[in-house]
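Student: Chain by chain, the residues run as shown.
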Amino acid sequence: MTTDAQALRSTAVPAERRVRIRQVSGAGAMTLGGAAGGALALTWLLYERILAASGVLGFWLSWYVIFLLMYAAMAAMQWDKLAVRDRVASVALAGAGVLTCAIVFDQVGFSLARGLAAVTHVSFFTHTLANAGPLSPMADGGVLGAMVGTLEEIGLATLFSVPLGITAAIFLVEVGGAWARPVRTLVEAMTALPDIIAGLFVLAFAILTLGLQHCALAASLALAVTMMPIVARGSETVIRLVPGMLREASYALGSSQWRTVWNVVLPTARSGLSTAVVLGMARGIGETAPVLLTAGYIKGLNFNPVNGWQTSLPMLIFNERQQPDANDLARAFGAGFTLLLLVLVLFTIARLLGGNKPGELSRRSRRRIARETVRR
Amino acid sequence: MTTESSQPDHDQPRHARPGANGADSPSGPHWPSGWPAGPLAAGQPDGHASSGGAGTGTATVAGPETSMIDYVGASSPHLGSGPLLGLEARNVSAWFGSNKVLDRVSLDMQPGRVTALIGPSGCGKSTFLRILNRMHEMVRGAALAGEVLLADEDIYHPSQRPADVRRRIGMVFQKPNPFPAMSIYDNVASGLKLAGIKVSNKDHVVETSLRRAGLWGEVQRRLRTPGGALSGGQQQRLCIARSLAISPSVLLMDEPCSALDPTSTRRIEETITELQNQVTIVIVTHNMQQAQRVSKYCAFFLAAEGTPGHIVESGPTEKVFDDPVDPRTADYVHGRFG
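Protein chains in written order, with my numbering: chain A, 1 to 376; chain B, 1 to 338.
FYI, nobody ran anything at the bench for these hints, they're computed from the structure.
As the structure is a computational prediction, the values presented were derived from the model and not from experiment.
Any given hint might turn out to be false.
Restraint ranges, calculated between C-beta atoms of paired labels, are given here [claimed, not checked]:
hint, chain 1, residue 1, chain 2, residue 2, range
1, A, GLU16, B, ARG266, 28 to 38 angstroms
2, B, GLY232, A, ARG20, 26 to 36 angstroms
3, A, GLY177, B, ASP154, 20 to 30 angstroms
4, B, GLN289, A, PRO182, 52 to 62 angstroms
Using N, Cα and C, we set each Cβ at its ideal position, and we do this for glycine too.
Model the full structure from these sequences, guided by the hints.
Tutor: Right under this line is the structure:
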């Protein structure tokens, strides 16, 4: 009897249909579209016909406010109070998200658009400005020297600031004690340090007092001063997030504090630490004032990090921007775009080195495990 | 049967020494907080490992010619374990700041016998357990008095390094806490790495430990997957395997099953039963049936309103459960309070 019923069910039952949890309802979409369109019309009316206001920013700001009000009013006609609050909040937050993305795309797009004349030339990435005089064509000058300078300076600065910053964070979290408070205060104060002060410090201390050359090394010292507190603060936060019970487990296995930090705490916090490093690099790579005082500006190429003036991308932008020629201006924007690309590349590298969150597997290691399992 | 005593001599609080968390060497320079004495502590594992008989012994059990398939697992006693040692607490009192939480607790935890600590929450069982492997002093403001003898050696003697004590007296915690950044294999091997024990045949130690914890069959095909991906019960057995890998003489368990389902609990209890002849086990539990199932000896802790915890009664488990001397014990084990 039961077996018959089961057999019947297995043949007769059609394929299951999965329940669609989230559905875009027609009314919801229409409400959203209607509010957006209505707000646009009303804002246009106010701006162009009624008020004496003008300006793009004000226009869109007014539109956004009116849009939210209209959406709330239209939602209130259809749904209950809780649903209205929920929907208005989602729309407002989504709007803020779109705005953030729009700003990023605007920055990248604007520098690309203005520098398009420069970055479309391959020579822009393979030449220096050494042979480019005033009024020389776009095919002549490039940012190679500045790219070399930026990479050398940020590389050395990362090398100095990351170990220092992470060590400071370990001190603050793992050691603590009476000295932790002044160190934390100092790190926080350094976060707000104007970058030109960092440049002046290295200029006065390393160059004028100790006799170091104006060079990439000096610039990287100044950058490290600005990056170190960022790395330290970020690392402190993520190291503090490592659960205390992991430390206890390690100590209960007969571990010393040093081994616990090295084998348990740091690996657990690795992905967060890579974010801290990325934040530090982001701060350092765009700095102009410290490199202006320590590495200066040349038009040519200098690979030597310990001797001689060297250009970095922000310095090149700063200088080219002051030239009257349109080509120079395009080169400045092109250099800006190059800087953004470089940041993207460095971030990707840091992310790859940082890896996934602990316990999460990358697609590649999942494949590797699957292969090994089959082989056994 | 009642083990309360009132010797006044040891009642001076011993404050946790500044370097109490393991990196501190009594003969070496005294660092203010144990850190950064890393190079010192890291450089001397071998000499200390032999002192407890733990550690390096594991490696010599299996020569390279021993096939991993031939190995029969947990059935042969003492394989890969340290010497079977008893633990004895004498007049142990404990404080957190000025708050006294334990009052002159004496308990003999004999080798090869599972001792259960029972009692209502907040009566000092866990504190007592953490005193037994010097984890108590990791808490700020913690102090204690009395002595804890591991085979007639006081583990709180100034010449004892906390890290060495913990290497010989392992601990399993209430919540499973495998290291999330490590694979199953590395989690088990982490004990060796963290304790600074060098072994020639790490694979064998990992397999032995996982077999003894009753987990080998379930994970042998995925040793390289993260330990955090296992179920709660498997994670807890992974933690047991991790503790066993460094061959402790004593294993302390702080409510190891309280976060687990009945099936996982049964597996852990089976593991405890299999281990009882190889390691001295002390287990804290709130589960009366569990205490009856796994333990041979039992101590009932109680802290009356506003007073520090103490042992009301201790004795063989059947005696404590079936014929208790103190009426409070009878009430507690029969579920009339607590």
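Student: Next, verify each hint and record whether it holds.
Tutor: Each hint, compared with the structure:
no., hint, verdict
1, GLU16(A) <-> ARG266(B): 28 to 38 angstroms, "holds (35 angstroms)"
2, GLY232(B) <-> ARG20(A): 26 to 36 angstroms, "holds (33 angstroms)"
3, GLY177(A) <-> ASP154(B): 20 to 30 angstroms, "holds (28 angstroms)"
4, GLN289(B) <-> PRO182(A): 52 to 62 angstroms, "holds (55 angstroms)"
Hint compliance for this structure: no hint is broken.
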